[in-house]
Each structure stands twice: as structure tokens, then as C-alpha cells.
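Each protein sequence line maps, in turn, to chains G and Z.
The working numbering applies: residue 1 is where the first sequence begins, and numbers increase by one.
The working numbering applies: residue 1 is where the second sequence begins, and numbers increase by one.
Stretch by stretch, here's where chain G covers chain Z in the computed footprint (C-beta under 8 angstroms, at least three residues): (1) 16-27; (2) 32-42; (3) 264-277.
Because the hints were derived from the structure by calculation, they are not lab data.
In this text, a Cβ means the ideal position worked out from N, Cα and C, and glycines have one as well.
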Amino acid sequence: MSDLNGTMAAVQTVDASSRLVPDGLSSFIADVSSNGFLGISLFLLLLALGIALHWLNMKRTFERVTATNNGGEVSRDELREEMFIRQGSNFNAAAVTAWMLLVAAFAYFYFLTPEIFSRYNYYHVPDLASGALGFAAFGFVVLILALGAAAFVPKEFYGYYELSRKMKVAIMLAGPMLAISIVLSVQQGTTFPQVELASRIVAFLALFASELALLWPIYAEALGGVR
Amino acid sequence: MRLCIVGIGGCGGHLAEGFLKNQDVAILKKHLGEHVSFGGVKGLWLEADVQETENQNFFGSLERGCYPGFFIPHDVIGSESKTSKLIVDRYGYDVKKQGFMRQAEFLKAVFEIFDSDEEVKRAALSEHESENPILRAAWDRIRPHTTLAGLNDNNNGSEMCDGILFIVSFGGGTGTGFVNPITRYIRRERPAYPVFVLGVLTEEGTDPQQRAKEAKRDLGATISLYDLLTKRVGVGVDGVIVVDNQIMVEKFGQDYSAIDGYIHQAMRPFVAERHYPGEDPPSLAMREKFIEGLDRPPILVPCYWQEKRRKDPEENLVKKAITDGRLFGCDPAMADRAYVFTRGFVSLDKIVRAVARQTGLAEDRIEPWRKLGENHADEILILLRNPYGEEKGCEVKGNLEYRIHRVIRMALKYMDDPESNLVQKGMPDLTKRALEDYFYGEDGIKMRFELGLKRIEEGKKPFFLNERNVFERSAQESDAFELRRGDQKVGDGEIRRLVEEEVRRVLAERGL
Numbered sequence: 001m002s003d004l005n006g007t008m009a010a011v012q013t014v015d016a017s018s019r020l021v022p023d024g025l026s027s028f029i030a031d032v033s034s035n036g037f038l039g040i041s042l043f044l045l046l047l048a049l050g051i052a053l054h055w056l057n058m059k060r061t062f063e064r065v066t067a068t069n070n071g072g073e074v075s076r077d078e079l080r081e082e083m084f085i086r087q088g089s090n091f092n093a094a095a096v097t098a099w100m101l102l103v104a105a106f107a108y109f110y111f112l113t114p115e116i117f118s119r120y121n122y123y124h125v126p127d128l129a130s131g132a133l134g135f136a137a138f139g140f141v142v143l144i145l146a147l148g149a150a151a152f153v154p155k156e157f158y159g160y161y162e163l164s165r166k167m168k169v170a171i172m173l174a175g176p177m178l179a180i181s182i183v184l185s186v187q188q189g190t191t192f193p194q195v196e197l198a199s200r201i202v203a204f205l206a207l208f209a210s211e212l213a214l215l216w217p218i219y220a221e222a223l224g225g226v227r
Numbered sequence: 001m002r003l004c005i006v007g008i009g010g011c012g013g014h015l016a017e018g019f020l021k022n023q024d025v026a027i028l029k030k031h032l033g034e035h036v037s038f039g040g041v042k043g044l045w046l047e048a049d050v051q052e053t054e055n056q057n058f059f060g061s062l063e064r065g066c067y068p069g070f071f072i073p074h075d076v077i078g079s080e081s082k083t084s085k086l087i088v089d090r091y092g093y094d095v096k097k098q099g100f101m102r103q104a105e106f107l108k109a110v111f112e113i114f115d116s117d118e119e120v121k122r123a124a125l126s127e128h129e130s131e132n133p134i135l136r137a138a139w140d141r142i143r144p145h146t147t148l149a150g151l152n153d154n155n156n157g158s159e160m161c162d163g164i165l166f167i168v169s170f171g172g173g174t175g176t177g178f179v180n181p182i183t184r185y186i187r188r189e190r191p192a193y194p195v196f197v198l199g200v201l202t203e204e205g206t207d208p209q210q211r212a213k214e215a216k217r218d219l220g221a222t223i224s225l226y227d228l229l230t231k232r233v234g235v236g237v238d239g240v241i242v243v244d245n246q247i248m249v250e251k252f253g254q255d256y257s258a259i260d261g262y263i264h265q266a267m268r269p270f271v272a273e274r275h276y277p278g279e280d281p282p283s284l285a286m287r288e289k290f291i292e293g294l295d296r297p298p299i300l301v302p303c304y305w306q307e308k309r310r311k312d313p314e315e316n317l318v319k320k321a322i323t324d325g326r327l328f329g330c331d332p333a334m335a336d337r338a339y340v341f342t343r344g345f346v347s348l349d350k351i352v353r354a355v356a357r358q359t360g361l362a363e364d365r366i367e368p369w370r371k372l373g374e375n376h377a378d379e380i381l382i383l384l385r386n387p388y389g390e391e392k393g394c395e396v397k398g399n400l401e402y403r404i405h406r407v408i409r410m411a412l413k414y415m416d417d418p419e420s421n422l423v424q425k426g427m428p429d430l431t432k433r434a435l436e437d438y439f440y441g442e443d444g445i446k447m448r449f450e451l452g453l454k455r456i457e458e459g460k461k462p463f464f465l466n467e468r469n470v471f472e473r474s475a476q477e478s479d480a481f482e483l484r485r486g487d488q489k490v491g492d493g494e495i496r497r498l499v500e501e502e503v504r505r506v507l508a509e510r511g512l
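Put together the whole structure using the sequences plus the hints.
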């Protein structure tokens, strides 16, 4: 596999990104997108921050309700029940799909080719990588992980927030954006060892923008609560 | 309380749209799955004018299974209907008429005919299996959304509404004319079911949309308000929430969609879910609070305010709502109760104390209901009950009495105008007599409106007293009320015999 790394380093990359964004910024994004540890840390940090802020939002709501209840006891369960709102089945379906795609896009972006993690990737399993159903098997593993994420995330996260239609549309659009990210990552996997930097950057931006969109209701509530 | 929103007529439809808008997102403009409205409300639009329904694309036809849907109640009467023919021949009214040209008395008269004329009832019963097929059909479309739904009503298993909010304009059209008969009809089945009306009083001057003169619209408004406010509790509605479009126009200009949006926003604390834990009383208990101590429905003036969330928001919220957020002019100090709906984090005690300070009401006359808010804002809707009754209050601009006094005066002016042609020449004598009597008779509404003006000037509550029907006298004069058993008229002798038998039975039971 180290040969592959060497090959990769020797690859002539096509820097089309300079046409999309200023040089300095494009090279910065290129650096960040190809830095696996930084990317994964950022991805996990955003997720962890979302979970922490959600917990904080719930705690803050409970405290505010308790504080305005003249010392009367407030049942957490009852409050959670009252807070919960139905967001609609279209939205729920779109949100579940988007969360699944987020996990899939993340895995495809970082673990499909050896470009970022030379020791941990799909190509490290030669039987799988050279098999006819390799991509499908990789996708299946990702799907199992994604189902785990989707099983609790949308209800737990979104049911307790009043989401405007604009916010719902943004979350819904995360699905197509993530699909684009996946397609571009798959393209990278197909053309590897050739690397097309522009598609890599677009895939990276789509992945992180979608993650932000999916978590935005929690961040927005937390930011507003600080004021 | 989860409300079933029923928009009636053009204005009612526009406003109901805001309440019933799907909060879910559409994929390729197709809403799959259940419709999710703000506050979990359900509802429909009742309209009389087919053209109105064709000029919009929010409501689909209920008959084709659409939701949210519109329904044209008069469509249940076929064009060859014997009932319809009988009413045209005897009374001169075409029940299938499209729109009502701002004649509030038209629908009132039509539904009274169904109520009072035995022959019309029998014809309707044989033809439509209901004595009042139009109202029956309308109620059949509303009921499936409510907790009164029968086993056969298809509500798709969704949560049902335990109260109804009719939304109408008091402009003399379909809403004005339909709201009283349909309420009365529902009440016969369920006297205690919570029913409220949100009525929009049209602005002063000529209505640019309908080009209807203010005086004509005001006659419709006065007739409708009179009918709503004079029905006894348990027969009529449980509260009439009034909005003055004059205030809205001064705020938003002629931008009617902004006005509709604002009215909807103001009512959100009333219809919202997400109650403070333990503060979601049963709808019947809420109804009791609204009518407590009254024998007639109250006028409820909404005062609304919203501001960014901040520490201790209660005092400012209440003050702003009462001073700057009134949707109908009034003197808050004259209110006899206040119902407070908040969204956000507010203290129960502080909000009650703030309302007491701003209105002068005793704290035990203030009913607060708190809900959780959204978008880091606090909101308040205060419904002031009957905030009028000051002597010469009608001379104070900005008072409820001032506005209502003007509306009644305009209505009287229209009645006195020979061009109004309220009793049309081509109508059958029976109808002409009834209308003449209804409008101008010695106990007619003209006299009653004048009495209402006097009571307003004297600061008396309520300003309208007793119900008045179009056909009540005519019906009594004719034999419409004669007792029948099947097709046989029941004679005086038989009635006497039945009463004597009943008296004997009761006496025997008591051992006398």
C-alpha cells in the first residue's frame, strides 16, 4: 500500500479549484480537506458539540421552566413530552435520509481511497477492492453504521425544536448535497490514483456544510439562548 | 385545547389558510404523509361561491378527498330539488344562489325557513334524509375533525379537535350569514362543546376588494353580531373574538396578506401546543372559564405582543399588548375578565400581577395559560372579556363602544336609505311581510339597534338583548307550527286528552 502512497504523491493533480475560489482560500481548503486527522476531528467536534448543545438546550429549558414555576416541581419527562412537536413525515424521512447520507459521505470521503488515510481504507482489503461487489460491500458496512446514526438522531434532535420552514428546507437540501459529495468521492475512488482536487474540495465542502445544516437548529437555539 | 379551524366565506378562507398551512416540507411540491399544521389544528373552508374556490389553490375539494379542503354546503341541494323549488315558490329565495351580495339577512332567512316551515322540513327530510340538509352537510364535514366524530367518520386516526374556531368576516357575506345558523345547528347536538368565533369587522369607507359600501357591510356586521351576542350560552357560541380591520389597515395599509399573517400570528398563542407541564386544561374547563357568570356570549378583544426573549419580560409584554397591541379598540379597564396566553418563559404570578396592574382587574379574574415559545421570543395574547360599558364611552375614540356605535349607526343609515331596497318588490308577500316586520316592525331590528345604541350610550352591558328571527311572526301567523303526528294534524281535543293523561299519571305516581 505504501506504493500507492508513492503513486499518489506522483499523481498530476488538476487544480481546477483556483477558478472557483481565491488561490489562498482554495489551497487552505485543499490542505484541510486532505488532512485526515483534522477533518475527522472537525467532523466529530461538530457532532459532539451538537450533542452537548442539545443537552444544554434541554437543561436550559428545564431550568427556565422551573425558575418561572414559583418553586413548583416540574417533571422532566412531562416537560419533554410537552416540548415534543411533530415535524411531519416528509421532513422526518428527509432528515433520516440526510443523516444516513452524512455517515455514508463521511466514510466515502475519508476511507474509500488511500489518499488521506493510507493505512485505513477500502483498498486495504484487496479481496474487497478487487471484487465485483466491493463497492457494494463497503456501502453495506457504511449503511449499517448509518442506520445506527439515523435510528435516534432526527427524533431526538428535531422533535424538541420549533423549526421554521426555511430551516426544514435547508435540512432537506442536505440530502442532495451529501449525495453530490458521495458521487464525487466515488468518482475519486474510480479514477484513483488520479486525484481531481476540485471535486475533492466540493465533496469536502458539501459534507461539512451538510453537517452544519443538520445540526443548525441546535446551534441556533443555543446561540439564541446565550443572548 | 386543540381547535378545528373552520373558515367561512372569502375572508374566513384566507385566514384559515394561515392556520392550516402544512408545517412539513414538500418534496417536489407533493406533500406525502399526514398534514401537520401549527398547533395540531385541523379544519376546512366553507364557501358559497364556486368562483372563489376556483381562484385559489390552497384548498382542494373535500368531495374529491383533498385536505385541506373546501366545501360548498349548498351543493347538496340538487338543481331539480323539490325542497329548493318549494322555498323559491313560497319565499322567493334561491338556496343555490352563488355568493350573497353582502346580504346578511339572506342566509339568516334561508336557514330559518328550514327551521320553521314544516312543509320545507318534510320535503328536505324525504329528499335528503335531513330537515336541514345544507347545515347537516356542513356539520358532517366538520365533525370528523372533532372529538364528536362518530365511528363511521374517517379521521385517519389522527388526533382530534376538542373545540371549534369559526373564522369569518363581518362584512355581510357568506361568513356573516352562515356562522350563526351552523353554530346553532351544532349546539342542538352538543350544547357544551366549545365553539368560538373569530370575526373581522371590515374597515371604514368603501371596501376596495368587494366595492361594497361601508353602511351596507355594517348592516351585515350588526345583524351578525346581534345574532351571535343575543343567543343564550349553550345555544350560541362561547365567545366572539373581534378584530377591527380598520386598525389592521392603519398598521399594514391595504396589504391584506400581511393583515391575514398578523392576525394568524396574534392567534398563535391561543392555538399553540407545547403547554407548560400541567397547564393544559380540558377544553370544557376552558369553555367554562370563558362563559363564567354570563348568560350570553362575551365579546373578546385580542391584545397581542411579541418581543425578543429577555429577563423578566412580563411587565413589558403585558403593557405593550394592552397599549399597542389591541386588535380592536377598547378600554381595558372596563374588562370583566382577562384570558392570557403566553409563549416563552414567563412567571405565572408576575404575568397575573402585570395584567392586574394594567387592567385594574382582580387577580382571581385573570386566567393565564402558558406555553413554551420559539425563536428566542416571548409572546402574549390577552383576550379581554367585554371591555366596554362606560357611560358615554361611545364618544371616546379608540373605545369598543365608539366603533360599535358607528357600525350600528351606519347600519341604521343604510336601513333608512330608500335605495337600500331591503324588502324587494319581486318577493312573495309572505317574505315581504316577514322582512318588513324584521327590519322595520315595531319589534324589528331597527328598533332593537336603536335600543342597542341607547344602551351603549348609557354604558350598559350587554348592548344587544333578545334574539330576533326573520320568520318568527310570519311562521306563527301561518300554520307552520301546527302540531302533527305523521301527516295528521293533531287537534286541540287530542292535546287536551294527552295532557290530562300525563297529569293523572304524575298524580298517581305521587299517590295523590
